[in-house]
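Asker: Taking the hints into account, I'd like the entire structure generated from these sequences.
Each chain, letter by letter, is given below.
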Amino acid sequence: MSKILEVSHLSKTFRVGLLARPVVAVRDVSFSMEPGQVLGYLGPNGSGKTTSIKCILGLIQPSQGDIRLFGQSSNSAEARTRVGYMPEHPYFYDYLKPTEVLDYVGQLFGIDAQVRRKRIPELLERLGLGHAMDRTLRGFSKGMLQRVGIAQSLLNDPDLLIYDEPMSGLDPVGRKELRELLVELREEGRSIFITSHILSDIENICDSVVILNQGVAIAEGPLDTLLQRDKLQSSATIRLPSGEQRQAAVDALVALPAVTASTETEGAMMIRLPTDAVPQLSAKAAECGAHLVDLQPVRDTLEELFMRKAVTTASDSGDDS
Amino acid sequence: MKTKWQGIELKVHGPRASLGRVSAVMSNTLRETGRTRAFYGVLIVAMLLLFGSVILSDLALVNQKARLVQDFGLFTIPLVTILTGVLLGVVLLQKEIEKKTLYAILPKPIRRGEFLLGKYLGLCTLLLLEMLVLALCWFAVLALRGGEISAPIFSALLLSYVEVMLITAIATFFSSLSSPLLSGILTLGMFIIGRISYIIVDLMNASKGVFAEVAAMRWLGRGIMVVVPDLSAFNISDELLLGWPVTPEYLLHSIGYGLSYSAIFLVLGLLVFERRDLT
Ligand SMILES: Nc1ncnc2c1ncn2[C@@H]1O[C@H](COP(=O)(O)OP(=O)(O)OP(=O)(O)O)[C@@H](O)[C@H]1O
Ligand SMILES: [Mg+2]
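First to last, the protein sequences are chains U and A. Letter 154 of the first sequence, counting from 1, is numbered 154 in my numbering, and no numbers are missing. If you want my numbering, it's the position in the second sequence, counting the first as 1, plus 321.
These are calculated hints, taken from the structure and not from any lab test. All residues carry an ideal CB built from backbone N, CA and C; glycine is no exception. Treat the hints with care, since some could be wrong.
Unchecked claim - Label-pair distances were calculated between CB atoms; the ranges are:
no. : chain 1 : residue 1 : chain 2 : residue 2 : range
1   : U       : VAL183    : A       : ILE418    : 28 to 38 Å
2   : A       : MET546    : U       : GLU122    : 53 to 63 Å
3   : U       : GLN114    : A       : GLN385    : 58 to 68 Å
4   : U       : GLU180    : A       : VAL593    : 43 to 53 Å
5   : A       : ILE418    : U       : ASP171    : 24 to 34 Å
6   : U       : ILE198    : A       : ARG597    : 26 to 36 Å
7   : U       : ASP171    : A       : LYS332    : 33 to 43 Å
8   : U       : GLN114    : A       : ASP379    : 53 to 63 Å
Said to hold, decoys possible - To spell it out: a stretch of chain A is covered by chain U in this simulated footprint if at least three of its residues, at any positions, have a beta carbon under 8 Å from a beta carbon of chain U; those stretches are:
no. : stretch
9   : 331-343
10  : 425-433
Answerer: Next up, the structure:
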């Protein structure tokens, strides 16, 4: 099957102020999405996530590059038929009720009135808005608006969901519910494009990520590869012997070639090393009168990956700012 | 319960689907503009003015009372409706951008042209309703003063509505490229020049005066004639006053003239709106 979304060499430069000073929001970003894929589009504030999405949806014209949605040019309105989008700040007509917002959206998708009448209450019920269906949006809380946003994004039974920071502004319970919903949507076979700057929020949902920093994609690919999940690391806690033996044991353990990091406390030390080198560590510890007392698997998190990548690219590009 | 539905049908291709989207935007715009406080303010003031013309007519001679009410209505109703059109037209797009409601709507399979047309037609519908309400008040007052509600009065109202549509199209055009305040000023400028442009024609055709004698002024005059529609085409108060007939040809010609100009301004507005980055 062909690609759901293909972005090649996307760049966007805004012109600001009287002098039309250029502000580069996105610079030469390329990626693509397969059917059923969940792509995390990550980056700190102002890194160009929303700008990229607006280019994909035709709200703004790219300065350079080509975007294909379901194989069609993103400038064609029909290309968006199978897309469900929730903006960063889901604002809807506050004089409307959720049912009316959805009815309006349903009309834009060319859904028959009969079908709308049936689906809309179902969908709102499904998203926990059943109790608020007959109230105008004016009095809605942020979380309730978010639910309306999700409801309108699902009305057309989309194959591709584009969610811009859907977790922001939700309480922990809301986040958990949204994460569960996203997992469900993924299991239904939909592709999801989701942005966030809180990496742990989407770490468990995504198959692959694009990491953006100052408009540039600094890392891209399957999450497992990026996080080097195949190379499992462990953190071992070792109880050290007392007296003269202590320093000798520390020296001997740190000298092991597999050790990648270590910290020392009063009677113990922590050592980080590849999991397959643990037996070696255990044997060496016993030799010097120390004991391996605890072993924890260590997983590289997106936060660490991001910090590592952002720092390396920043130092690579010198004082760009 | 699942959110996945089997075989939901999305009709997005073809002219019928397009019309469906325009009408969706249109009815939402009617609802939105119909909730503006300014609209009801203007409407109530206009109604009071119309009813007030009864008192004013007491000052007139007995056989002039109905005439005064008629003239007052013919002057007030288009003016008030046009002002409403300008007031709401210049914020038509601005409001959606400011309230960020546009960003949820345009990513749906709708073209910007359909959106703009729907917004415009929604506002025109509201203005039609406003005009009908005012006309009913006016008819009541006319009846009270023994005036006759004749066929030419309906022709006059019809032409006024075409003028309203035209000015609203101009307001929509300006609002697609500048701020509401500037758009308002420019639209009102166009309206005033359009209302008096027949004077410029007279001046250009006269044997004396700057418009007739200075070449640059003649060019300016011609430029104005092309850019600014001649709104006197929609004013048949002289015919009404003198009891001259208004031919169907004249009506059709004026309606065609007004709608063509409206279409031109809408297309120009779309050309600007289409290219605009909505950030
Ligand atoms: N209309 C605009 N005019 C000028 N600069 C803009 C405009 N819109 C965005 N930018 C700039 O483009 C850059 C990227 O902005 P963007 O909103 O895409 O970031 P983001 O990754 O979505 O950030 P956040 O996490 O805060 O939502 C920023 O530096 C921003 O200042
Ligand atoms: Mg953003």
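Asker: Each of the hints needs a verdict: does it hold here or not?
Answerer: Hint check:
no., hint, result
1, U:VAL183 with A:ILE418: 28 to 38 Å, "holds, 35 Å"
2, A:MET546 with U:GLU122: 53 to 63 Å, "holds, 59 Å"
3, U:GLN114 with A:GLN385: 58 to 68 Å, "holds, 60 Å"
4, U:GLU180 with A:VAL593: 43 to 53 Å, "holds, 45 Å"
5, A:ILE418 with U:ASP171: 24 to 34 Å, "holds, 30 Å"
6, U:ILE198 with A:ARG597: 26 to 36 Å, "holds, 32 Å"
7, U:ASP171 with A:LYS332: 33 to 43 Å, "holds, 39 Å"
8, U:GLN114 with A:ASP379: 53 to 63 Å, "holds, 59 Å"
9, 331-343, "holds (count 7)"
10, 425-433, "holds (count 8)"
Going through the hint list in order, the structure satisfies each hint without exception.
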